[in-house]
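Work the whole structure out from these sequences, hints included.
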Amino acid sequence: MIRSEILKEIAPIINPHLVVCNIGLPSQELHSIDDNERNFYMLGTMGLASSIGFGLALAQPKPVISIDGDGSILTNLGTLPTIANNATGNYTLLIIDNGSYGSTGDQPTYAGKKTNLTDVARACGCENVIEVQDKDLPPVLQEAIDSDEMTIIVCKCDSGNIKLPVITLDPVVIRHRFMEAVKA
Numbered sequence: 003m004i005r006s007e008i009l010k011e012i013a014p015i016i017n018p019h020l021v022v023c024n025i026g027l028p029s030q031e032l033h034s035i036d037d038n039e040r041n042f043y044m045l046g047t048m049g050l051a052s053s054i055g056f057g058l059a060l061a062q063p064k065p066v067i068s069i070d071g072d073g074s075i076l077t078n079l080g081t082l083p084t085i086a087n088n089a090t091g092n093y094t095l096l097i098i099d100n101g102s103y104g105s106t107g108d109q110p111t112y113a114g115k116k117t118n119l120t121d122v123a124r125a126c127g128c129e130n131v132i133e134v135q136d137k138d139l140p141p142v143l144q145e146a147i148d149s150d151e152m153t154i155i156v157c158k159c160d161s162g163n164i165k166l167p168v169i170t171l172d173p174v175v176i177r178h179r180f181m182e183a184v185k186a
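My numbering puts the first residue of the sequence shown at 3, with every later residue one more than the last.
Keep in mind the hints are simulated off the structure, nothing from the lab. Hints are not guaranteed to be accurate.
[As the list claims (entries may be wrong)] The list that follows gives simulated cross-link-like pairs (lysine-lysine, DSSO-like), each with its CA atoms no further than 30 Å apart: (1) LYS10 to LYS115; (2) LYS116 to LYS158; (3) LYS10 to LYS158; (4) LYS165 to LYS10; (5) LYS165 to LYS115; (6) LYS64 to LYS116; (7) LYS137 to LYS10; (8) LYS158 to LYS115; (9) LYS185 to LYS10; (10) LYS165 to LYS137.
As structure tokens, then:
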């Protein structure tokens, strides 16, 4: 499975919740699969979906899911010890680990080589870290959201992209409708 197929599989699970989605193609894919006001699409800040989602989870009680990629996590490793040391039960971080920088042309990441993000998250102090294969993700994700325990899921999958147009929503509109969804 590639990332877009994973997002299609989990869309019904994440739909009712606040979602902060990684930059570039992941956001474009989620937008094309299930655009709604509870999705915050990152349009140009690599490595910050997990940080923004975690901050949002700390600030309010609704479940928050961050969807990040292995490449983005590797560019902001400081988010993992922050999450570990300030864990909140309403936060789930889904790392889609395809071993590549998907949005910039599928160049390999270190997670596609020697670096194991499951081990890195645990070494940072994250206590509930689960590694799954793409086909096994949906029930694991649902269980994580339903639990009262901060969870990091590293989902291993194939690299690959589908062609999609860029998101044409103005960033101010994305922010405004997401803020309204947070308030609702």
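Against the 30 Å threshold, does the CA-CA distance of LYS64 and LYS116 hold or violate the hint? 36 Å, violated
Check whether the Cα positions of LYS165 and LYS10 lie no farther apart than 30 Å. 15 Å, holds
Has the given pair, LYS116 with LYS158, been kept, meaning a C-alpha gap of at most 30 Å? 14 Å, holds
Just to be careful, I want the Cα atoms of LYS185 and LYS10 compared with a cutoff of 30 Å; is the pair within it? 26 Å, holds
Taken at face value, is the distance from the CA of LYS10 to the CA of LYS137 at most 30 Å? Within the cut-off at roughly 12 Å; holds.
Verify the proposed pairing of LYS158 with LYS115, using a straight-line Cα cut of 30 Å. At roughly 13 Å apart (the allowed maximum being 30 Å), LYS115 and LYS158 satisfy the hint.
Regarding the pair LYS10 and LYS158, is the alpha-carbon distance no greater than 30 Å? 16 Å, holds
Holds or violated: LYS10 and LYS115, Cα atoms, limit 30 Å. It holds: about 27 Å lies between the C-alpha atoms, which stays within 30 Å.
For a C-alpha distance cap of 30 Å, please report whether LYS165 and LYS115 respect it. The hint holds at about 26 Å.
LYS165 and LYS137: Cα distance at most 30 Å? Holds - the C-alpha atoms of LYS137 and LYS165 are around 22 Å apart, at most 30 Å.
The structure is inconsistent with hint 6 alone, although it conforms to all the rest.
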